[in-house]
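What follows is the residue order along each chain.
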Amino acid sequence: MRLHPTVYAAAGLLVFLGIWEAVPASGLIQSSLLPPPSELPKAFMREFRSGLWAQYVGLSLNHYILGFLVGAGLGTMLGVITGMSVRLEWSLAWVVRLLRPIPNLAWAPFAIIWFGVDQANAIFIISIGVFWIAFFAALGAVHGVDRDLIEVADAFGFRSAPERLFKVLLPAATPGILIGLRTALGQAWMAVVAAELSGVSGLGSRMMQASSLLATDIVVVYMLTMAALYGIMDAGFMLLQGKLLKWKP
Amino acid sequence: MEAMISSPRIIHIEDLGLAFEQDGRRTEVLRGLDLDICAGEFIAIVGASGVGKSTLLRVLMDLAKPTTGRVTITPDPNAERPMAMVFQDARLLPWRRVLSNVMFGLEKTSLSKSERVTRATEALKLVGLAEMAARWPHQLSGGQRQRVALARALAVRPSILLMDEPFSALDVATRENLQDELIRIRAETGRTILFVTHDIDEAVYMADKVVALGGKPGVVRSNRKIDVPRPRRRGSIALAEIAQDVRIDITADHRDPDFVI
Numbered sequence: 242m243r244l245h246p247t248v249y250a251a252a253g254l255l256v257f258l259g260i261w262e263a264v265p266a267s268g269l270i271q272s273s274l275l276p277p278p279s280e281l282p283k284a285f286m287r288e289f290r291s292g293l294w295a296q297y298v299g300l301s302l303n304h305y306i307l308g309f310l311v312g313a314g315l316g317t318m319l320g321v322i323t324g325m326s327v328r329l330e331w332s333l334a335w336v337v338r339l340l341r342p343i344p345n346l347a348w349a350p351f352a353i354i355w356f357g358v359d360q361a362n363a364i365f366i367i368s369i370g371v372f373w374i375a376f377f378a379a380l381g382a383v384h385g386v387d388r389d390l391i392e393v394a395d396a397f398g399f400r401s402a403p404e405r406l407f408k409v410l411l412p413a414a415t416p417g418i419l420i421g422l423r424t425a426l427g428q429a430w431m432a433v434v435a436a437e438l439s440g441v442s443g444l445g446s447r448m449m450q451a452s453s454l455l456a457t458d459i460v461v462v463y464m465l466t467m468a469a470l471y472g473i474m475d476a477g478f479m480l481l482q483g484k485l486l487k488w489k490p
Numbered sequence: 015m016e017a018m019i020s021s022p023r024i025i026h027i028e029d030l031g032l033a034f035e036q037d038g039r040r041t042e043v044l045r046g047l048d049l050d051i052c053a054g055e056f057i058a059i060v061g062a063s064g065v066g067k068s069t070l071l072r073v074l075m076d077l078a079k080p081t082t083g084r085v086t087i088t089p090d091p092n093a094e095r096p097m098a099m100v101f102q103d104a105r106l107l108p109w110r111r112v113l114s115n116v117m118f119g120l121e122k123t124s125l126s127k128s129e130r131v132t133r134a135t136e137a138l139k140l141v142g143l144a145e146m147a148a149r150w151p152h153q154l155s156g157g158q159r160q161r162v163a164l165a166r167a168l169a170v171r172p173s174i175l176l177m178d179e180p181f182s183a184l185d186v187a188t189r190e191n192l193q194d195e196l197i198r199i200r201a202e203t204g205r206t207i208l209f210v211t212h213d214i215d216e217a218v219y220m221a222d223k224v225v226a227l228g229g230k231p232g233v234v235r236s237n238r239k240i241d242v243p244r245p246r247r248r249g250s251i252a253l254a255e256i257a258q259d260v261r262i263d264i265t266a267d268h269r270d271p272d273f274v275i
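Keeping their order, the protein sequence lines are chains A and B.
Heads up, the first sequence is in our numbering, so the first residue is 242 and it goes up one at a time.
Heads up, the second sequence is in our numbering, so the first residue is 15 and it goes up one at a time.
Where hints are given, some of them may not hold.
Unchecked claim - Far from chain A by the CB rule (all over 12 Å, computed), these chain B residues:
id: 1; residue: Ser-114
id: 2; residue: Gly-119
id: 3; residue: Arg-238
id: 4; residue: Ser-250
As the list claims (entries may be wrong) - The list that follows gives simulated cross-link-like pairs (lysine to any residue, SDA-like), each with its CA atoms no further than 20 Å apart:
id: 5; chain 1: A; residue 1: Lys-484; chain 2: B; residue 2: Gln-158
id: 6; chain 1: B; residue 1: Lys-127; chain 2: A; residue 2: Asp-389
id: 7; chain 1: A; residue 1: Lys-484; chain 2: B; residue 2: Gly-156
id: 8; chain 1: A; residue 1: Lys-487; chain 2: B; residue 2: Ser-155
id: 9; chain 1: B; residue 1: Lys-127; chain 2: A; residue 2: Glu-404
id: 10; chain 1: B; residue 1: Lys-122; chain 2: A; residue 2: Phe-407
id: 11; chain 1: A; residue 1: Lys-487; chain 2: B; residue 2: Met-146
id: 12; chain 1: B; residue 1: Lys-122; chain 2: A; residue 2: Arg-400
id: 13; chain 1: A; residue 1: Lys-487; chain 2: B; residue 2: Gly-83
id: 14; chain 1: B; residue 1: Lys-79; chain 2: A; residue 2: Lys-489
id: 15; chain 1: B; residue 1: Lys-122; chain 2: A; residue 2: Asp-395
id: 16; chain 1: A; residue 1: Lys-484; chain 2: B; residue 2: Pro-108
id: 17; chain 1: A; residue 1: Lys-489; chain 2: B; residue 2: Lys-127
id: 18; chain 1: B; residue 1: Lys-230; chain 2: B; residue 2: Ser-114
id: 19; chain 1: A; residue 1: Lys-487; chain 2: B; residue 2: Lys-139
id: 20; chain 1: A; residue 1: Lys-487; chain 2: B; residue 2: Arg-149
id: 21; chain 1: B; residue 1: Lys-79; chain 2: A; residue 2: Arg-388
id: 22; chain 1: A; residue 1: Lys-489; chain 2: B; residue 2: Trp-150
id: 23; chain 1: B; residue 1: Lys-79; chain 2: A; residue 2: Asp-389
id: 24; chain 1: B; residue 1: Lys-122; chain 2: A; residue 2: Ser-401
id: 25; chain 1: B; residue 1: Lys-79; chain 2: A; residue 2: Lys-484
id: 26; chain 1: A; residue 1: Lys-489; chain 2: B; residue 2: Lys-122
id: 27; chain 1: B; residue 1: Lys-139; chain 2: B; residue 2: Gly-156
id: 28; chain 1: B; residue 1: Lys-122; chain 2: A; residue 2: Glu-392
id: 29; chain 1: A; residue 1: Lys-489; chain 2: B; residue 2: Asp-37
id: 30; chain 1: A; residue 1: Lys-489; chain 2: B; residue 2: Lys-139
id: 31; chain 1: B; residue 1: Lys-122; chain 2: A; residue 2: Leu-390
id: 32; chain 1: A; residue 1: Lys-487; chain 2: B; residue 2: Arg-111
id: 33; chain 1: B; residue 1: Lys-79; chain 2: A; residue 2: Asp-395
What the hints contain is simulated information worked out from the structure, not anything from laboratory work.
Glycine residues also receive a C-beta, built at the ideal position from the N, C-alpha and C atoms.
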């Protein structure tokens, strides 16, 4: 008998939590090294009542949203423009190869020199990670636009770059651009933690602080917080994508 | 409307040639092509694939640049755009609903949004798809998509309608149905039509004149007036005989002194 997929999903999650609970309970690993899930609500309430949770989540969300918007906005824009101009693409070929492999955390020293231990520091580092994902997705999406549709725009007199962009390229490239943005949505959370390790206040700095005090339950609370925030955003993104791509079969 | 001797010349093509280079090799697609087309004529251009039929349309539409020669287009001053084109595959924009696809070309004009809607709805009615206005292109059949493409071209009220093998990807029943529809629409709108096809029977059934291209590079082998009164009967002996003549025009290499193997 085949049950509803949700039943399987719930069962899988329960088994996972069960094993997680059993391992520290059995004494195999100390519960201070791996806090069992049953202790987490308590830890969460402690953190929540003190107001720290809301404060750090608020700071990190601020970094996340601004970093994502800046990185995704600039990356998509530059990717689309580069996709439209072969000359620009040739010109940027080695600039991209030079900058692309640098991990966003490697920018941390410069981020500190340029922005100090400040919100802008974290936003900068997050936006670099998002930028490349958005850039390559947009570039590939514009390259993949059906030449025949561009010819239709030409045939009906839409021959200037802005006309081509808004009449054909952008709508046709939207599915590909959105795939990149969805990847970036997840990637940006990793960048948030990494960026905040350098001292900018947020989830990441709070997790480092907690782990140095061996408050592993607090660390897990923030890990799950991030998972929940990502889940909500990804679901929201899927709704938006469904609206934007309702023309897709 | 039969072609009239008195109607003004709308397209004048003189010594048209087109060649392109690829991997250091020069390929000549068209050479020394002369052709005159009068306003209101329904011209079919036939020839084997690779003879440059589509290239000729692309040159007229300014989608390809000729290497030699001159093309002079004198559109009807009352028409809003000189030309509009229907491609072999409908090429609808998948992110636009049917009505919005038909409005596409109108966005180049100064018409207001409500005027564009009115105009596009009229064009959809003309092709018999008014009730499909709110559909997405992927919800249509191949024949319906091609009708929408035709409506999109007609909506801009072009002086000349260019059609590049528009029905060749359709099944026989749909194709014949659309052929008759086009003949009706042409009678209603009086547009000049340049219809490229490799189907000679389709050409002689529909057109006032059939221009046969042949050779490599392509040249005009013949330009025959189809003196068969309308409505025509598909597969009638008169049409079959003309079709046979056209077939010979296309295949007989010796008819063209320029053509040397």
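Right, here's what the structure says about each hint:
1. For Ser-114 of chain B, the requirement that its beta carbon stay farther than 12 Å from each beta carbon of chain A is not met, with the minimum near 10 Å.
2. The non-interface label for Gly-119 of chain B is inconsistent with chain A: the shortest C-beta to C-beta separation is roughly 4 Å, within 12 Å.
3. Remark: the non-interface label on Arg-238 of chain B is consistent with the geometry, its nearest Cβ contact in chain A lying 29 Å away (cut-off 12 Å).
4. Separation of Ser-250 of chain B from chain A is adequate, the least Cβ-Cβ distance of about 35 Å exceeding the 12 Å criterion.
5. A threshold of 20 Å between alpha carbons decides the hint, and for Lys-484 of chain A with Gln-158 of chain B the separation of about 25 Å lies outside it, so the pair is violated.
6. At most 20 Å may separate the alpha-carbon atoms for a hinted pair to count; Lys-127 of chain B and Asp-389 of chain A exceed this at roughly 26 Å.
7. The suggested pairing of Lys-484 of chain A with Gly-156 of chain B is violated, with an alpha-carbon distance near 26 Å, which exceeds 20 Å.
8. Taken as a hint, the Lys-487 of chain A and Ser-155 of chain B pair is honoured in the structure, with Cα atoms around 19 Å apart against an allowance of 20 Å.
9. Between Lys-127 of chain B and Glu-404 of chain A the alpha-carbon distance is near 18 Å, which keeps this suggested pair within the 20 Å criterion.
10. Among the hinted pairs, Lys-122 of chain B with Phe-407 of chain A is consistent with the structure: their alpha-carbon atoms are about 13 Å apart, no more than 20 Å.
11. In summary, the hint linking Lys-487 of chain A to Met-146 of chain B is supported, as the alpha carbons are separated by about 17 Å, within the 20 Å threshold.
12. With a CA separation close to 11 Å, the supplied pair Lys-122 of chain B and Arg-400 of chain A stays within the 20 Å bound.
13. Restraint check: the Cα-Cα separation between Lys-487 of chain A and Gly-83 of chain B comes to about 47 Å, which exceeds 20 Å; the hinted pair is violated.
14. With a C-alpha separation of about 35 Å, the suggested pair Lys-79 of chain B and Lys-489 of chain A falls outside the 20 Å cut-off, and the hint is violated.
15. Note on Lys-122 of chain B and Asp-395 of chain A: the hinted pairing holds, with a Cα-Cα distance of about 11 Å set against a maximum of 20 Å.
16. Taken as a hint, the Lys-484 of chain A and Pro-108 of chain B pair is honoured in the structure, with Cα atoms around 15 Å apart against an allowance of 20 Å.
17. For the hint linking Lys-489 of chain A to Lys-127 of chain B, the alpha-carbon distance of about 25 Å lies beyond 20 Å, and the restraint is violated.
18. For the proposed pair Lys-230 of chain B and Ser-114 of chain B, the alpha carbon gap of about 41 Å is over 20 Å, so the pair is violated.
19. At most 20 Å may separate the alpha-carbon atoms for a hinted pair to count; Lys-487 of chain A and Lys-139 of chain B exceed this at roughly 26 Å.
20. Taken as a hint, the Lys-487 of chain A and Arg-149 of chain B pair is honoured in the structure, with Cα atoms around 12 Å apart against an allowance of 20 Å.
21. Restraint check for Lys-79 of chain B and Arg-388 of chain A: satisfied, since their Cα atoms lie roughly 17 Å apart, inside the 20 Å limit.
22. For the given pair, Lys-489 of chain A sits about 9 Å from Trp-150 of chain B by alpha-carbon distance, which is consistent with the 20 Å threshold.
23. As the CA atoms of Lys-79 of chain B and Asp-389 of chain A are separated by approximately 17 Å, the hinted pair is consistent with the 20 Å bound.
24. Of the supplied pair hints, the one linking Lys-122 of chain B and Ser-401 of chain A holds, its CA atoms being roughly 12 Å apart against a limit of 20 Å.
25. For the hint pairing Lys-79 of chain B with Lys-484 of chain A, the CA-to-CA distance comes to about 41 Å; that exceeds 20 Å, so the pair is violated.
26. Note on Lys-489 of chain A and Lys-122 of chain B: the hinted pairing is violated, with a Cα-Cα distance of about 26 Å set against a maximum of 20 Å.
27. The hinted pair formed by Lys-139 of chain B and Gly-156 of chain B meets the criterion: a straight-line CA distance of about 18 Å does not exceed 20 Å.
28. With a CA separation close to 15 Å, the supplied pair Lys-122 of chain B and Glu-392 of chain A stays within the 20 Å bound.
29. In summary, the hint linking Lys-489 of chain A to Asp-37 of chain B is not supported, as the alpha carbons are separated by about 38 Å, beyond the 20 Å threshold.
30. A hinted pair counts as satisfied when its Cα atoms are at most 20 Å apart, and Lys-489 of chain A with Lys-139 of chain B does not qualify at roughly 26 Å.
31. For the given pair, Lys-122 of chain B sits about 16 Å from Leu-390 of chain A by alpha-carbon distance, which is consistent with the 20 Å threshold.
32. Restraint check: the Cα-Cα separation between Lys-487 of chain A and Arg-111 of chain B comes to about 11 Å, which is no more than 20 Å; the hinted pair holds.
33. Distance check on the hinted pair: Lys-79 of chain B and Asp-395 of chain A sit about 14 Å apart at the alpha-carbon level, within 20 Å; holds.
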